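Spelled out, the chains give:
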Amino acid sequence: MKNNPDSVAAGSSGNSKMHNALVYFRQHWQLYVIFMLPAFLLTIIFRYIPMGGIAIAFTEYNPIRGILGSEWVGFEHFQRFLSSPDFLRYLVNTLKLSVFGLLWGFPAPILLAFLLNRIMSAKTKQKIQLVLYMPNFISVIVLCGIVRILLAPTGMLNMLLGTSYNFMTMPSAFRTIYIASGIWQGAGWASIIYTAALSNASKELKEAAVIDGANIIQQIQAVEWPAIKDTVLIQFIMSVGNIMSVGFEKAYALQTDLNLNASEIISTYVYKKGLLDGDYGFSTAVGLFNTVINVILLVTMNTLVKKMNDGKGI
Amino acid sequence: MKPKKKSEFSKLPSGDKTLLIIAYVILALFLIAIILPVIYIILASFIDPITLQNNGLTFDFSKWTLTAYERVLSNGQIWVGFKNALIYSVLFTIISVVVTLLAAYPMSRADFKGRGFFNTIFVITMFFGGGLIPTYLLISNLGMLDTIWAILIPGAFSVWNMIIARTYYMGIPRDLQEAAEIDGATEMIYFFRILLPVCTPIIATISMWQFVGMWNSYFDAMIYLNSASKQPLQLVLRAILIQSQPDPGMVSDMQSTAARAQLAELLKYATIIISSLPLMIMYPFFQKYFDSGIMAGAVKG
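If you read the sequences in order, they're chains A and B.
Per the working numbering, numbering through the first sequence is continuous, rising by one, with the last residue being 314.
Per the working numbering, numbering through the second sequence is continuous, rising by one, with the last residue being 301.
Honestly, the hints are just simulated from the structure, not real lab data.
One thing to keep in mind: the hints can contain errors.
[To be verified] List time: in silico BS3-like cross-link candidates among lysine-lysine, alpha-carbon distance up to 25 angstroms:
#	chain 1	residue 1	chain 2	residue 2
1	A	Lys203	B	Lys288
2	A	Lys127	B	Lys113
3	B	Lys11	A	Lys123
4	A	Lys203	B	Lys17
5	B	Lys83	A	Lys127
6	B	Lys230	A	Lys125
7	B	Lys11	A	Lys250
8	B	Lys230	A	Lys123
9	B	Lys83	A	Lys203
10	B	Lys63	A	Lys125
11	A	Lys206	B	Lys11
12	B	Lys17	A	Lys206
13	A	Lys125	B	Lys11
14	B	Lys83	A	Lys123
15	B	Lys83	A	Lys250
16	B	Lys113	A	Lys17
17	A	Lys272	B	Lys230
[As the list claims (entries may be wrong)] If you anchor each label on the Cβ, the simulated ranges turn out as follows:
#	chain 1	residue 1	chain 2	residue 2	range
18	A	Thr169	B	Pro278	49 to 57 angstroms
19	B	Leu66	A	Leu275	48 to 56 angstroms
20	B	Val123	A	Tyr165	28 to 36 angstroms
21	A	Ser164	B	Met170	54 to 62 angstroms
22	B	Thr18	A	Asp257	17 to 25 angstroms
23	A	Thr154	B	Val90	53 to 61 angstroms
Just so you know, these numbers come straight off a predicted model, no measurement behind them.
Cβ coordinates follow ideal geometry from the N, Cα and C atoms, glycine included.
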């Protein structure tokens, strides 16, 4: 671009700006047509066209008549679910699942990273990591299958406790099962990012601290915590921003007819109402409500970060 | 190795020793909590269902049996599931990685005109979307229901992975590109001959994520695919493990409903082992890519 004779010769009139753009495009058309086009088309078709479909939320949608032919009902669906006690329960279920999940699940990988950091032999550490990361590669279905087996009335947990509870049918047990199995599967994997940050903590700094006679607590305060503080903050903010997007797959696979009181969350409700009952308009409205709350949360969190971080957002 | 460790440990102040011991104990408990259920499932998969239900685990080997494995392996549906999962995962990984790596290249160049525009278009989709029903109706209107394309195409471009690849490209020294331009190399030649070969760690990482993600997911297949012949492994597993409704061929020879239910329970253990085996075997080979990928993601944050 810099050495392009055309752009040097061109003046500063609007016409030559156009000309410059054309020259740039002629030289770099591959960037647009070959590199960018596939991703751009996929995004427009499969991400933006469905956004137009949000209009369904304001209609009594009839698949045969299409969006424009369906009866326009305004905010009727929103009024319907916001005034329904069931919906309130699903909202609370979703929030409790993610807030408690964050409360228990967020510190676990940080703790693991600190513990791992205390293993002196690199070989042992690597072997431990291999075990810690393994559950991440188990599928949601297999994880929930294992959970159901272990928690069955004759399963391992009841054998250990000497009882015969049917945990999977107890609404009061659902959240614990969901969160504990989440930590079982994810804490090791999530600790990678902190382990990496810890090992980036300057070795010399740590050795100096040891020579100065710093004990473990002092090493953590002076060297290790400062090394991962920023990572912890960023991870926390991202988790808070995602508080309304509780995954469908696991909640659905852990649901039984009897624990629905605690296990029905917004995403499973949207699926059942929409695809199983065919109530498209209503289901889209519920989904939209969820997305909007999520966006508000994210924007709020990002503004907070900017304030704390001298104007730098995520 | 060992004596050296011992002396290091004995040199520590006594407060540190206590702390270290507590740390090791907590870590050990966590490891046991991971390993114990796995061992239980492995052992239980070999035990006769009636014995397991009445007495729990036993090391009386006369009660051990390979029935469950024979039944699961001789059932056609699970092989169909494996075959489909492999096809979907491989094709999805290829399509997704190609589209993502291509898009990341212009986005990594400061002189790319329209970078801000594309960036905004892409990033918005990370936070906002049409939701389940509008997406489903689109797939339906495009005639993609019950076809492999519904699984492969809509999610092929991952903005997150694009950002990670872009960050990685940007870390490649500029001189490489300048040298290429002086040689009169076109974008294509620079990208394929010079850039990609030095980006193998990040390509491997993204490929691994996409492959494992597709292999382990079930939601898209559940809503878009109806034919039994197109079901990926996870949906076959769901029928056996979650709905307790194995393919009738696996249990139909049993006389009573009770015996069938008992057998269906035993099949779960063997199914878990068989279905997890491929990834568990491949997983240690992925290990060297874990850190590089996670760190690439962290740079962005």
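*Hint by hint, work out which the structure violates, then give me just those numbers in ascending order.*
2, 5, 6, 7, 8, 9, 10, 14, 18, 19, 20, 22 and 23
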